[in-house]
Structure formats: structure tokens, C-alpha cells
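Asker: These are the residues of each chain, in order.
4 protein chains.
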Amino acid sequence: MIRVAIIGASGYTGAESIRIVFRHQEAELTYLTALPEECGPAEEVFPQFRGRCDLPIEPLDLNKLSESADVALCCLPHKVSMGFVPKLLDAGVKVIDFSADYRLKDVDVYEKFYQKHTDTANLAKAAYGLPELFRDEIKSTDLVANPGCFPTGAMLAIAPLLKEGLIEPDSIIVSSVTGSSGAGKNPSNVFHFPNMNENLFPYGIGVHRHMPEMEQIAGAVAGTNVQVLFQPHVGPFDRGILSSVYGRPKAGAKDEQFDELYREFYKNEPFVQICKGSPALKDVAGTNYAHVYPRLIKGHVAAFSAIDNLVKGASGQAIQNMNVLFGVDEMMGLK
Amino acid sequence: MIRVAIIGASGYTGAESIRIVFRHQEAELTYLTALPEECGPAEEVFPQFRGRCDLPIEPLDLNKLSESADVALCCLPHKVSMGFVPKLLDAGVKVIDFSADYRLKDVDVYEKFYQKHTDTANLAKAAYGLPELFRDEIKSTDLVANPGCFPTGAMLAIAPLLKEGLIEPDSIIVSSVTGSSGAGKNPSNVFHFPNMNENLFPYGIGVHRHMPEMEQIAGAVAGTNVQVLFQPHVGPFDRGILSSVYGRPKAGAKDEQFDELYREFYKNEPFVQICKGSPALKDVAGTNYAHVYPRLIKGHVAAFSAIDNLVKGASGQAIQNMNVLFGVDEMMGLK
Amino acid sequence: MIRVAIIGASGYTGAESIRIVFRHQEAELTYLTALPEECGPAEEVFPQFRGRCDLPIEPLDLNKLSESADVALCCLPHKVSMGFVPKLLDAGVKVIDFSADYRLKDVDVYEKFYQKHTDTANLAKAAYGLPELFRDEIKSTDLVANPGCFPTGAMLAIAPLLKEGLIEPDSIIVSSVTGSSGAGKNPSNVFHFPNMNENLFPYGIGVHRHMPEMEQIAGAVAGTNVQVLFQPHVGPFDRGILSSVYGRPKAGAKDEQFDELYREFYKNEPFVQICKGSPALKDVAGTNYAHVYPRLIKGHVAAFSAIDNLVKGASGQAIQNMNVLFGVDEMMGLK
Amino acid sequence: MIRVAIIGASGYTGAESIRIVFRHQEAELTYLTALPEECGPAEEVFPQFRGRCDLPIEPLDLNKLSESADVALCCLPHKVSMGFVPKLLDAGVKVIDFSADYRLKDVDVYEKFYQKHTDTANLAKAAYGLPELFRDEIKSTDLVANPGCFPTGAMLAIAPLLKEGLIEPDSIIVSSVTGSSGAGKNPSNVFHFPNMNENLFPYGIGVHRHMPEMEQIAGAVAGTNVQVLFQPHVGPFDRGILSSVYGRPKAGAKDEQFDELYREFYKNEPFVQICKGSPALKDVAGTNYAHVYPRLIKGHVAAFSAIDNLVKGASGQAIQNMNVLFGVDEMMGLK
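Residue numbers (numbering that gives the first Met the number 0), protein chains in the order written: chain A, 0 to 334; chain B, 0 to 334; chain C, 0 to 334; chain D, 0 to 334.
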């Protein structure tokens, strides 16, 4: 059994990770931690676990972590996480980190969007945890940077085109709509129900932090510099990201070839399904699946993907990465 | 033209009052006030009024109020309101107060649920602003206590039965579901979109402040002491209160007589409509109408009503009261 | 491994049953059937199963059923089901029937609300599949009548009071709000999104079919005749039933005793959790749990329960019944 | 008083038109018609008008139309409308037609997307009813083709850039999300509440009928051929269209100039508001306003607009057109 600790268990990705480990036949929860003010019996912190989880959520004790766990899912926020990850690794556990702190290989880019990076040594060793594109790197590391939810959806939508050089690398526009769970659990004016309900709007216009992450991944897949305009929107639903990716095709790209190209590219990837028409958020809600549909229309590429932001965009992908790290069936707990 | 000031204009009932006065042919907004930190151009405080309202929201100045307004809609919170209402009255305007501070005639009851009452003199003079039941008192006052949203819906549902003595006065159960706008504009954990969306639950079990208000009104209509068990629930939608009121009929009450009884009771009340079947929240959303449907089933009374909590349950009712106070067509601005 | 067939697999309860069996370690789906016009690969009938289910949905063939399955979950509609159940039993499988056809022991009552009963022999043998109340009967039968979603929620909310004689048997009012998935998959005017969204209303006023089912169960638990007024409402969300049950307490009932009484009554029932405050739909969504909270307030009983109508109210309860029938851990697949 | 008839009054745009005319000080509803099977008292066809509208909805009688109305709002479907519009004009009323039948000046384009056009004579005379761009044409006609909801939002978002030649005419991508009221009132599988709720997806990929309408308008504004890729999506809310329009700027375009350019372009247009940040659907819900926000980011134009699809995208725009036709204040009924 893989013994799983969750660091920062009191948020939405913590709860979702707990839910998935419950169903995993070869993993068990052994240790849940959070800030002192958010501790308590898990079934009181999360009423949905009433009667289902007898672990407490406790303040982090590195000795206890060391004794009780093989892997830590680190669900701490950006900038906070890199203060803890070195200690978790020193405690002898593998780490799957949900924050942005180990995703951007270029320290300058990280520091432009966040702050000074305090753990560049581990940053250099971290693997980017999108198994469909970087499985080999993940297998041979102790530290996985779990991808952002938006980059996961967008990159799965166009990776085959990037790989085959069928899309102009300076033309890519990612226009996404996310549900509100991406906002995390802290109440705010924007996500106050009477404000968010029956509403939809773009945000972070021109400035979103996921832009460089997308460009790094797209560049790695394409083997060349890629420019991405990323525009997120938020809508009145809980879960899911629908990404509509637009771009200019390279000369010679043909609509008819897309379906086969994608099926070939993803033929060994159980969690990526090529649709025959529009992907829809409800079809992937609660699952680790990505539904993808590419088309070439009127001289534009239009490729769509649907994922659950809390599963394939966060906790499910972390468990998938855990399965890769420990050599168990990659679908375990995620079927 | 009736010159209207809104005191505490920065909340949901303030915005809704602004929206309604816009459409009122014989009233005009002249003065909007709020706490200093919530002031600014109305179209910046409320983006929905961009280009539609050139008034600023300013800190309250009683001299300015005195010069600019004939009536103040006082949208301040419970316990805060009674600190301002005497000053508003002294400034020479009529006052329609949205808080609970002037609703409960029995000071002891008020003080049990809220705090010490500091304006009992005006409390004694205030009229309870449910025009369908207390129009005459409203006409002859300078201070109207605008009713709570739950009592409005529940009392309209059973007033004819109370009046006719067809329901046992100790048997009444009001089971209501409200939308989330009733929570006001301040973000909270409960009304955080990912918590409230796709959710529904009872709250305030056994302790709701609207209970004594209902008992006071029901008692006044019935001419006897009435006991009410009031149980509110909140659901994942913006507007509306659906009240399902249950009780034991007095001997001799007949299902067949209810429809005619209600039609007769409300025959001069344009805002109360007797339905031929289930009232539905969406049919009254955005309007000042109450849809009502009473039945006698298997030895129980079951009477239903649907209102918009922000309109008939707050701002619309306030404008209706204003129309009564100033002797203009009661439907003006509310058609 | 328990081999599971689903008869009528193309609806919402069929899909939910498929989803649950996927996770069950000692059960496997072997056969899915539907009306000819609703057949096809499961992953095309249900896009959410794309890549996850390689079974087809086929027209029913009793020989194939006999060879491939140990148990049939029969998800057919009321009145249709009793035409198939005898054949399923004859094919040698145990049957868990989702319809109302085998729930009402009194044929006259069934025939009053539905039509002439054509399989009274099996009706007499069927067990009512609410394991928390009738586990022993379920263990020794081949035919389980899976309960209605409303009776499940309402009866779990008050069974301890009925059993202990703490509630007047002629005073019970069940006021419930269900999500829209209870309507099934066929489009209708009422459930058209622009009509149902932001709406909430009572329905079936005075005439709901679940009333006699509740009275039968309540009477069996109480050991006396029980009268129930059942009033359903529907709200703008997918899943869940919140039941608010009101009644008059017997003399001597005390609020303080309720918590302990419920904990004792349900002490061996993992799926029933006694809350310390309001049960909420979102806490049970997607789970087989019932959250229950009873209070005695102002001379009334007010007992609340929250369940997921598709899980504890349908497919999850069916799997729980299957686990009882086959003697495996009752929580398997449902944790 | 302008006497208003509504032809095809039984659908959503009919109801919305009724709601707006109620508030119009210089217009009155005189005649409501629909197909015979959808006729009846307006307050029964639309429960939200209970007690508010004493007109019946009747089968169309051209003599009665001729006598009772000055203008007909023709809310019939595409392809049906052109069979009626000539008769309405012959009856001596001005016509504002909601369908696509008189929008596309190029008959071949119309016939490619719809069917053979049977009223090309009136087509040639019709004005395209987007007053902000074509007010002069509207003033001098008897037949206004009320624009599609998607073209209205998208064109208002980029008209100033098209006019000034600041966007490459072959680069325009319109990525829009609409609420479900755009689907009309007929129930369907897609808009069945349990399917549409918590869902969002693209549709009509590559084939949407609004594409040529956008290209015609954009071309007229730009004075050159324009190519548009239009991709609609639908989300789980009632009202509103958020359009995110992307394109390549012409050399020399500067982000800093956009705000002033737009303010100048729309300086006399009360219904178009230039935002200082993200437009949001909830800010325009129920109003005739368009909120617009243009930016130049990383070498792309990204211009956003929010409108209410039933108001500025349909019935409100029709009343605005009516006000232009009859020379009354363009904001009347729409403030």
C-alpha cells in the first residue's frame, strides 16, 4: 500500500484528493495536515466525509510525516509551497506539489509573475507532471510539479498539432471558461453566490500567470518558441474547464487528418478521449478524463477540450502522477 | 414628483430600490447615501447602472437630506437603523425603514431577539407596511416599518384563513425556501459560490428572528394569539421565497371554499394573485406580485405563496408603501 | 465476482448504477439492456463513459441474461417493470427493481395510484429494500423493491421517533425539495432549462404517489396506522432531496433525548449520519449517505434529512441491497 | 401612443417584448397573436403576467391588425417570417422582424444557410436594425430586420476597430458564450435541465448561421471584405451573451488609444458603455445595455462585450428600433 499524506488538506484540492484516495485499492491516507486554525477531525472540516474518514487534520510534524507516509500531496498555495517542499523531501517522502512553484523552469519568468524563488535546487530536479506528455521524466524523480488546470486542458487540446508542426507557433489563443471551484475555498466578493450566479465574465485580461506555463509546455512539445494569448473566463458552475484553442494552421494542414492524428498521438493514453463532436463539461465532471476535439475551419485551427479542474486539473492528475511514481496501474483510483 | 433619498444605498435592497425608482413616473432619485467606505459614483458602486445613474453615493448629511428629499428609504441593518431613523424624521422626511427595528410592537420581544431598543417613541408610531393588511395605518403615518421578506410571503398565504378563523392558531408551520440574495452583499463561507451552488439546506433551526414578527401579524389578523413554527431553508438561486404553510383546519373548513374566499379577500389587491395551481418563483421574479394558492388536503391546510424577496419582500413593497404614503397610484413603478 | 445486469440501462438511474458498479471490487457489469431505439455502445449512449465502458447496451435477451448475470438491476418505469420482473426471476437471477411495482403490499392501494397489478404473486414475496429498516427481509428474498427516493429520505428522518412512539401518527407532514434529476431523462416543458433554472415550486399538490408508500413504511415501523401529508417541491439543482418532516410530539418527548435516541437507533448503520446541525444537500451529493437531524421546537417535531436521490434514493441503495443479498460488505462500492 | 402588435407572442422574445412595452410611456400593447394552439389569455400563456395583462393571444387576423396597430413586432421563426411579413406590411403597419429572413442582403448567402427566399422585394428595402451603426437607414424604412443576438454583441465589441482599420479583416475570431434562453421555449434533450445545468460546451462547430451576418455587418462597417470565424458556446444560465473577439491588429495599433477611440465612437450611444475592466453578464441582465471593453495584448486584439440576449439581443433592440422609427426618445421603455 502506498501511504499518502496530504499537506494543506483543508482546501478543495485537499478534499478532492481525499475522495480519490478513498477509492484507490493500493493507496491509503495516513496523514492529513493543515494550518493550526484549520485543523480538526476530517469529518468536521469536511461534512461530506462525516462517518467516512476517521483521520484528524493536524498541524504538520515532519517526524510524523517521515514515519507515516511514502508520498506527500502538497496542496499549499503558490509561494508558500516552496518553503515546505524541501523539508518534505528531506523527510524522505516523494512530493507531488500542486502549486506553481516548481512548474516554471525559467527562474526569471517565475520571479516576474510571483516572487523570488527560494528553492531553485529542487526546481531544477522537478518533473512537470502531465503524464501524457512527460511520463518518462516523472518516473525518475522525487518531485513532481502538478500542472495548472488551464495548461492541462489547453495543452492536451493542441499537443498533437504542436508536435507535428501543424499550427503557427505565434498564433495561439487559448480562450477558456472555468467553474468557480478554481477560486478556492476562501469567500470573496467575486464568488459571492448572488454575484457569481447567472454571471460569466473574462478576468485577468492580459496578465494571467498560466500564460508562461503554457508557453513553456507548448515550446517543449513543439521544439520551438511558442507564443500564447491566454484568456480565462469564469462561469456559474462548480467544476470544469472548457478550453477553446484557436490558431493559424501551417500550410498544408487538413481538417480530415486531425482525427487520425489525435487518435494516434493519444492511442496509449486512457484518460484522453477524442470526441466526435463538442466536448461538454458535464461529461467529464468528477472524472480524470480529458475530452478533446480538433477541427480546421475557414483557415483557423479550433481545438476544444473539457476537463474537471479539480480532477484532471488537480487532484486526479496528482494521483495519476503518484501511480506513475510508484509503478502501479496508472488508472487506479481514477476509473 | 416625489423626491426619494436612499439611506444605505450600497446594498442589494438599495440597488433594487434604485432600479424601481428609475421606472416610477412620479418619483425621482435625489440623494443616495452610504457609509464613507462604500461611497462613489453609483455607476461604479453598481456596474449595472453604468451610464444610467449620474448620482453619487455620499456620506449622509442631514441638511442635504432635508433639502433634497420628501421620503427616505432607510436600507440600514437591524439595530443600526434605529440610531438613524429619529434623525431622518427630524430632518422632515417620511421614512420607510427596511430593518426589523420598527416592526415588533412588543419591545420585550424585540429586545429578546436583537438588543435594547433606543427609539421606542417612534416604534409606537410606526405602521407595519404590508398594505394588503394594514393600508389604513400606513396612510396616516410618517414612519413605515417595511416588513420582513419571510413574513410577507407567509402572511399573504394564510391571511384569509386567519381572518375567517379557518385554521387552528396553534398549528401553523411555515416552511420556506429563499434565494441567496436574502443574505445581503457581504461574502461569507455559506454563500461562497462553490458551497451554495447545487446546495439546499435548512438554517436557523428553532431560532429564527422572523418568528415573532409572523406571530404578531398573524395575531393581528386573526384577532387571537397565534403560534408559528417558522423554518427557513436556502437554495441555489438568486431571488424569491416560496412559502409552504401547513396547519390544522378548524372543523368545517372545506377545500372547495378556499378559492372563492381568497378571491374575495384579495379582490382589491392588484399585487396578490390567486393561482389555479402551484405558484412558482420564476413567475414572480423581478415583480412586486405575490402568487398564492391554498388547499385543504387530508385534514391539513397547505397554503403556498411565491414572492420576489427583493421586490415584494423589500424594495418593491417599500415603493408600494411610498405610493400609499403620497397618495399616488399604488402600482406606479411596479407594473 | 457478482455478475450484474442492468435492465433499462439508458436512463439516469442506469447510468448511476453503471458508475457505482465500476468501483465495486466484487461486482462486474456483464450485461446492459434497453429498448431497441436506445441501444448502442454504452460510451455513445453516455458520453461520460467514453473510454471507460466497452459493453454495448442491447435489447433484452433472457437467455443471455440467464448465462451472464447473477443479479438484475431493473431500472424500468412503473407499470412496465412488472411485465418484465417475472421473466427476469425465471431466468434465474435475483432482481432489484427500481419501480413502484413491488413496493406497495396492498394491491388496492397500488391499483388506485397506478393500474391493475399483473404480478401479485411476486409482489407478495418482494422485500422492501430499505436495509436500515428491513435488512432481514432483504437477506432472504430473490426480489427487492428498491424504495422511492422521497420515502427513503423521509423515513430515515423519523424512523426512530416512529419506533419509539414519540410522534403522533396522524400529524406527520413531509415537505421535501428534490433536484431535477428525479424527473428522468425525457425533456419536458417543466424541466426545460430556461423554465427550471432560478425556479422552485411545489408540485403534485395533494396527490403524490409516494404518500401511500410512506404510510406503509411508517406504519410498519410504528406498529400502528400512520397518516402522512407529503408535499414535494422541485428546485434548480441536479441532485439531492432535502426532507423537512414536521409533526406533533407525543406528550413527554424531549428535545434533549433526540440526539442520543437517533445515535442508538442508527449505531450500526454506516450510511446514516446524525448531524450536529443542518443537513445540506451538497454534503451528500454523489454518496450513499443520509444526513439526519431531529429537533423538538415549540411543541413541534422538526426532523431533517439530506440524501442524493440518485444514490441513496436509487442506484446506491440498489447496490447496498445487492451487497446484502450476496453477503458482501454492505459498503462495498459505496465508500 | 404607438399601438404595438406582437406577432408570434407566445415565445420568449414575445414575452420579453410584452414586458418592455408595459413600461413604455408612449406605447401600448393592442394586439397579440400566435398559432391557434398557443392562444389564450396572455396571463395564462405566461403565468408571470397574471393580473398584469388582460389582452388575449389570438390567431392573426390581418384586418384586426390593420385597425389596431401602428407597428408589428414579428417574432416568428426564420423561414416562417417571410411568409407573413409582406402581409403585415400590406396591412399598413411598420414591421420589426426578429427572424434572419431580412438580415442578409445577399440572397445567395441566405439561401445557402436557410432555404429559397420568397420575399426578395422587401428584403431589398429592409434596414438592418442595429441603431448604433445604421440609424439613418432605420429612420427611413417600414421594415427593420432586427439583428441576431450574437452579431449584436460581437459587432458592438469591434465596430470602432473595423471602422478605423485597426484590425486585420481576415483574422477575426468571435468566441461567444450564450445563456440558454437563446434556445427558445421548446424542450429538447440538450436543454433538459439535468443535461444543461453545470454544463458548458461549444456547438455548431464550423457551421453557425450567424457567421455570414457578422461578415456582412463587419464588411459594411470596415468598407472591405471581412472574414469571421464564429464559435458559440452555451452555458448554464438564463440570459446574456459574452463575446470575446480576437484578431490581429494592423501595424501601428496601440493599446493606449483604444479606450479613447471607443469613447469617441460611441459618445452619442447611451446603450453602449465602455468598461474599465471585464464586462460581466450580470451587469447587463434585464437591460438594453452593451458593456464593451477592448484591449491590445501581446500582439492580439481582444475585445469583449456583454449583452442580454433577450433585450439588446432581441426585444429591447426591437423597441429601440421602434423608438427610432416613430421618432420618440430612443431610450423610452429601456431605461
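Incorrect hints may appear among the rest.
Note that the list lumps identical chains together, so a pair holds whenever it fits in one copy or between two copies.
[As the list claims (entries may be wrong)] Under the rule of at most 20 Å between Cα atoms (straight-line distance), these lysine to any residue pairs were calculated in the SDA-like manner: (1) LYS266 with ARG51; (2) LYS275 with PRO46; (3) LYS93 with ALA120; (4) LYS334 with ILE1; (5) LYS86 with ASP254; (6) LYS266 with LEU34.
For the record, the hints were derived by calculation from the structure and aren't laboratory data.
Asker: Against each hint, give a clear statement of whether it holds in the structure.
Answerer: Against the structure, the hints come out as follows:
For a Cα distance limit of 20 Å, the shortest separation of LYS266 from ARG51 across copies, 14 Å, qualifies, whereas the shortest one inside one copy, 37 Å, does not. With identical chains, the CA atoms of LYS275 and PRO46 are at most 20 Å apart between copies only, with a shortest distance of 10 Å across copies and 39 Å within one. For a Cα distance limit of 20 Å, the shortest separation of LYS93 from ALA120 inside one copy, 16 Å, qualifies, whereas the shortest one across copies, 61 Å, does not. In this assembly of identical chains, the alpha carbons of LYS334 and ILE1 lie at most 20 Å apart whether taken from the same copy (18 Å) or from different copies (19 Å).
Within a single copy, LYS86 and ASP254 get their C-alpha atoms no closer than 50 Å, and across copies no closer than 45 Å, so neither meets the 20 Å cut-off. Neither within a single protomer nor between protomers do LYS266 and LEU34 lie at most 20 Å apart by alpha-carbon distance, with minima of 43 Å and 33 Å respectively.
The structure does not agree with the numbered hints 5 and 6 stated previously, though it agrees with the rest.
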